[in-house]
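Number of protein chains: 2
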Amino acid sequence: MKRPLLTTDYLDRAVTLYGDDVGVIAEDGTEFTYNELNDRINRLSNALLEWGVEKGDRVALLSPNSHRFIETLYATMQIGALFVPLNFRLQPNEYDYLVDDSSPSVLIAHTGFTEKVDHLKETTAEAGTSVEQWVAYDGAAAGEGWHGYEDVLADHSPEKPDRPDLSEEDDATILYTSGTTGDPKGVVHTHRIQHYHALIHSHHVEFEDDDTLLWTSPMFHINGWGHIYGLTGIGGTHVILEQFDPGTVFERIADHDVSYLGGAPTVLNMLLDYYEDADVPSTGEKPVRVETAASPPPKSTIREVEDELGWRIIHAYGATETGPIVTTSNSQRKIEQGDKYDIINKPGFATLNTEILVVDQHGEPVPTDDETQGEVVVRGNQVLDRYWNKPDETHRAFHDRRDGWFHTGDIATWDDNRMLTIVDRKKDVIISGGENISTIEVQDVIYEHPDVQVAAVIGVPHEKWGETPKALVVTEEGSELAEDELIEFTRERLAHYKCPTSVEFRDSLPQTSTGKIQKYELREEFWDDEEKNVG
Amino acid sequence: MKRPLLTTDYLDRAVTLYGDDVGVIAEDGTEFTYNELNDRINRLSNALLEWGVEKGDRVALLSPNSHRFIETLYATMQIGALFVPLNFRLQPNEYDYLVDDSSPSVLIAHTGFTEKVDHLKETTAEAGTSVEQWVAYDGAAAGEGWHGYEDVLADHSPEKPDRPDLSEEDDATILYTSGTTGDPKGVVHTHRIQHYHALIHSHHVEFEDDDTLLWTSPMFHINGWGHIYGLTGIGGTHVILEQFDPGTVFERIADHDVSYLGGAPTVLNMLLDYYEDADVPSTGEKPVRVETAASPPPKSTIREVEDELGWRIIHAYGATETGPIVTTSNSQRKIEQGDKYDIINKPGFATLNTEILVVDQHGEPVPTDDETQGEVVVRGNQVLDRYWNKPDETHRAFHDRRDGWFHTGDIATWDDNRMLTIVDRKKDVIISGGENISTIEVQDVIYEHPDVQVAAVIGVPHEKWGETPKALVVTEEGSELAEDELIEFTRERLAHYKCPTSVEFRDSLPQTSTGKIQKYELREEFWDDEEKNVG
Ligand SMILES: Nc1ncnc2c1ncn2[C@@H]1O[C@H](COP(=O)(O)O)[C@@H](O)[C@H]1O
Chain A
46 MKRPLLTTDY LDRAVTLYGD DVGVIAEDGT EFTYNELNDR INRLSNALLE
96 WGVEKGDRVA LLSPNSHRFI ETLYATMQIG ALFVPLNFRL QPNEYDYLVD
146 DSSPSVLIAH TGFTEKVDHL KETTAEAGTS VEQWVAYDGA AAGEGWHGYE
196 DVLADHSPEK PDRPDLSEED DATILYTSGT TGDPKGVVHT HRIQHYHALI
246 HSHHVEFEDD DTLLWTSPMF HINGWGHIYG LTGIGGTHVI LEQFDPGTVF
296 ERIADHDVSY LGGAPTVLNM LLDYYEDADV PSTGEKPVRV ETAASPPPKS
346 TIREVEDELG WRIIHAYGAT ETGPIVTTSN SQRKIEQGDK YDIINKPGFA
396 TLNTEILVVD QHGEPVPTDD ETQGEVVVRG NQVLDRYWNK PDETHRAFHD
446 RRDGWFHTGD IATWDDNRML TIVDRKKDVI ISGGENISTI EVQDVIYEHP
496 DVQVAAVIGV PHEKWGETPK ALVVTEEGSE LAEDELIEFT RERLAHYKCP
546 TSVEFRDSLP QTSTGKIQKY ELREEFWDDE EKNVG
Chain B
46 MKRPLLTTDY LDRAVTLYGD DVGVIAEDGT EFTYNELNDR INRLSNALLE
96 WGVEKGDRVA LLSPNSHRFI ETLYATMQIG ALFVPLNFRL QPNEYDYLVD
146 DSSPSVLIAH TGFTEKVDHL KETTAEAGTS VEQWVAYDGA AAGEGWHGYE
196 DVLADHSPEK PDRPDLSEED DATILYTSGT TGDPKGVVHT HRIQHYHALI
246 HSHHVEFEDD DTLLWTSPMF HINGWGHIYG LTGIGGTHVI LEQFDPGTVF
296 ERIADHDVSY LGGAPTVLNM LLDYYEDADV PSTGEKPVRV ETAASPPPKS
346 TIREVEDELG WRIIHAYGAT ETGPIVTTSN SQRKIEQGDK YDIINKPGFA
396 TLNTEILVVD QHGEPVPTDD ETQGEVVVRG NQVLDRYWNK PDETHRAFHD
446 RRDGWFHTGD IATWDDNRML TIVDRKKDVI ISGGENISTI EVQDVIYEHP
496 DVQVAAVIGV PHEKWGETPK ALVVTEEGSE LAEDELIEFT RERLAHYKCP
546 TSVEFRDSLP QTSTGKIQKY ELREEFWDDE EKNVG
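Protein chains in written order, with the working numbering: chain A, 46 to 580; chain B, 46 to 580.
Bound conformation, chain A alone (with noise of 0.2 Å):
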């Protein structure tokens, strides 16, 4: 028998089967259950219809983490609508791009950022903004023109709204990727797409009904790597935190009892600081896992978190387009049999009825050496349908090296196990004189001297070599470290061609919402009079 599979079942099945527990513990600590969440959910699936929202329409949300992310996700989808989260970090000018793009009738934001779309709220009439209703979580905080998300809530039943007639292959939402590079796209999901990322994925972090996550991963990032559904439908507990900070995870991770914790390495690195000098319990009463994937994590951060904090890692690797997960490291098999850091370090191999290849120029596997580099392309059913109105970018995503395969844009080794090493971003290779260098592998290096915080080794324009390394470095407190004893340092450990010829030491670097430095504007300081950002 066939029935669709809709990002909806997730609900369902909580409102179901747990409809009396606690399915959201919001940021001020207010417990909702399911039943209550569900209420709240069809009270606003009864607003969008009543304002004219339709199937097929979009519905934007512009919020940091909330339990109001999570029912404004389902009161769009059950309804047909897409629901289109938006990165809560930008600029108020960059929001234009994303609202004239997916073109929404309604847009919800979290009180503190209607500054950041009032001008485009202004121009609703002359410019023709497609938004005809705002919503603000606090309306009156907002201003005219605003209605308030609980107003809202309040005047419409809690019923059950009609639900169209919904396929599976519908679009349920569209996801603009961070991007390190150009302009931001828009990866359309269907709800077979996210339900069935969302089983695989539980499958590999082994999501059960008594895991309380910590929400330390934005919600606006591929919403919440799929957990918003998972989670739910199996009847965990969802813990809200707003804004990042470390005490405040560790206060929550003893006062909820959390078990899983998503977070890029950034995340992962600041809640070590902060816990070496604080005295403060690592768990509750239950073992943690952490997810960690979005960029490459140094091998240190990985050994530290499962040594000091006695935290389990997953490592994982994907993207906004691929589900996002498509490997991950979480094999005992694999760990029984070599060494554990061997595996846990790199992210893994391909998730269940997932296709992973790493392949030349011509689209054919590299060697499964640990050495030789190729992109990492992936064929699987939480793979995207397509950029949202951009068929010229989704045809070359499918059709550069392989037909048919989703090119990731990501340059990778994999070994005997067909683990996967991620080397670099296509662009953040570097080649000099002819030689690949991974700026992920200089990095690594750097990140074993103690004096350093943060770095990023970008290639800059060499007149013999073509590109060149250079470290952009933030150190410690107090730290004296000076630019010729650090490339000594990496000429110790690494070949010498792939050692930095420079370093400059910064107070901060530029990091994209989800932790990732921003290589790409690193590197057009050095490469703007140039047409290209390589050598």
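Among the clues, some could well be false.
No distinction is drawn between identical chains; accordingly, a pair holds when it is met within one copy or between any pair of copies.
As a list, the in silico DSS-like pairs of lysine-lysine whose alpha-carbon atoms are at most 27 Å apart [stated by the list, open to error]:
| hint | residue 1 | residue 2 |
| --- | --- | --- |
| 1 | Lys47 | Lys100 |
| 2 | Lys471 | Lys509 |
| 3 | Lys331 | Lys385 |
| 4 | Lys344 | Lys166 |
| 5 | Lys331 | Lys435 |
| 6 | Lys47 | Lys435 |
Keep in mind that the hints were calculated from the coordinates and are not lab data.
Given the coordinates of chain A, assemble chain B with the ligand onto it according to the supplied hints.
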């Protein structure tokens, strides 16, 4: 991106990621890596192709558990043919119907079982049996006209055969229900159905790649509850057990560090009985989980398995038509909230993305009061596509009490948690003087008597009440339990109308191959001059 959900996805992942790891340990201890297994699968596929087997054709297998069962399944499915496993415990004449109904072009049999179908072989020419090729595990022993399985493999290439274009909605397998009542029906599952079932079932039994499964349950029974797919794809290890024997089970658990097994309650009881007298360890180095399903286990069995063997019980429910698994007791969250045994004594609530209702005659849900009885109806992607050659039966199954839901024929109550208790098969309910009596409830009480080994309660004709409960009992060796003594025992514990009015002691009771007592047969003895089997 859409990638068809196929059963072969699981084989492919095992071969790709675990090719050099042991996949199957055969009955005789031979270890096959997943690569070796795959070579054998490909050889068999190439033979089938040479014999003209095409997409949509059927290949039947008559075999107890064996690595060759796994091979034949995948060899058949990867070329788009339908795999038809036959119950190996039937009488020769019972195969006539199955072979006629499924009309396979190839029949493969374990050597010890070729005699059961030899008479069909002889009719090939005249009566037109569909079977064109006969293969015996040991061709020489089987005699004239039988290929030897190993010869066939040796004669064909291990190259991956061209796979036909398969859609996820193509048929994958026909499974004949062991049915406690009526004629066998061929249950058709598509690739998508079995793929999806394996995914959710693997989640609920928490399969990981370091799991080692001991094949205590019969593979022909819905292809081993789907473990042939799920555990394979996850990269675990299968340990074959050809013939159930408690001593061998404990030996293999210790030898191979088994972490998972499945078994009907009768299997668990035999293991408990053996364990009490034998001086053997109940686990290897790893903790053991045991999934029990197929008939409602006496509560005492559940407790003893947990407390004496120290195995974790996962109680599940389902039918050949439903994937099989549609409910699970594996909810740590509910166990934490209540009494562990209250939870795991029951087969639990709906698995992921599965809908279950217990409905009255009009198709409306009965109250969740743990008392009111109704029929279990199900919707989910793991539910059958149709009965083979039986459009009317298919229509009835989906449109009896509630349109569009599969009717299981099982009578259940459900509690506040929507957790089921299966009280009877539709035909097993005794209606005595207008009161419904659950034969299982009565049996449960009888099993509490220390002298009782096996018990079945059935309805027999009664002039005044229409039906009255009768107990058929096998006692422990040396017991002198008397009829009135046992009746008194039940009257102290049950409403009197539910108590047996007669008891008959027997040496054994007829069981199906999967350990269900064949009440249909028992009832027939008492109802044989009547037209129906209920009063
Ligand atoms: N475990 C990982 N190791 C290295 N890079 C990663 C990992 N996970 C994700 N990434 C990077 O993050 C990109 C996806 O970014 P996004 O679409 O914003 O999620 C990927 O294409 C990779 O470049």
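A quick look at each hint next to the structure:
| no. | hint | verdict |
| --- | --- | --- |
| 1 | Lys47 <-> Lys100 | both (22 Å within a copy, 22 Å between copies) |
| 2 | Lys471 <-> Lys509 | within (22 Å within a copy, 85 Å between copies) |
| 3 | Lys331 <-> Lys385 | both (22 Å within a copy, 19 Å between copies) |
| 4 | Lys344 <-> Lys166 | neither (46 Å within a copy, 64 Å between copies) |
| 5 | Lys331 <-> Lys435 | neither (46 Å within a copy, 52 Å between copies) |
| 6 | Lys47 <-> Lys435 | between (32 Å within a copy, 19 Å between copies) |
Of the numbered hints given earlier, the model fails hints 4, 5; all others are met.
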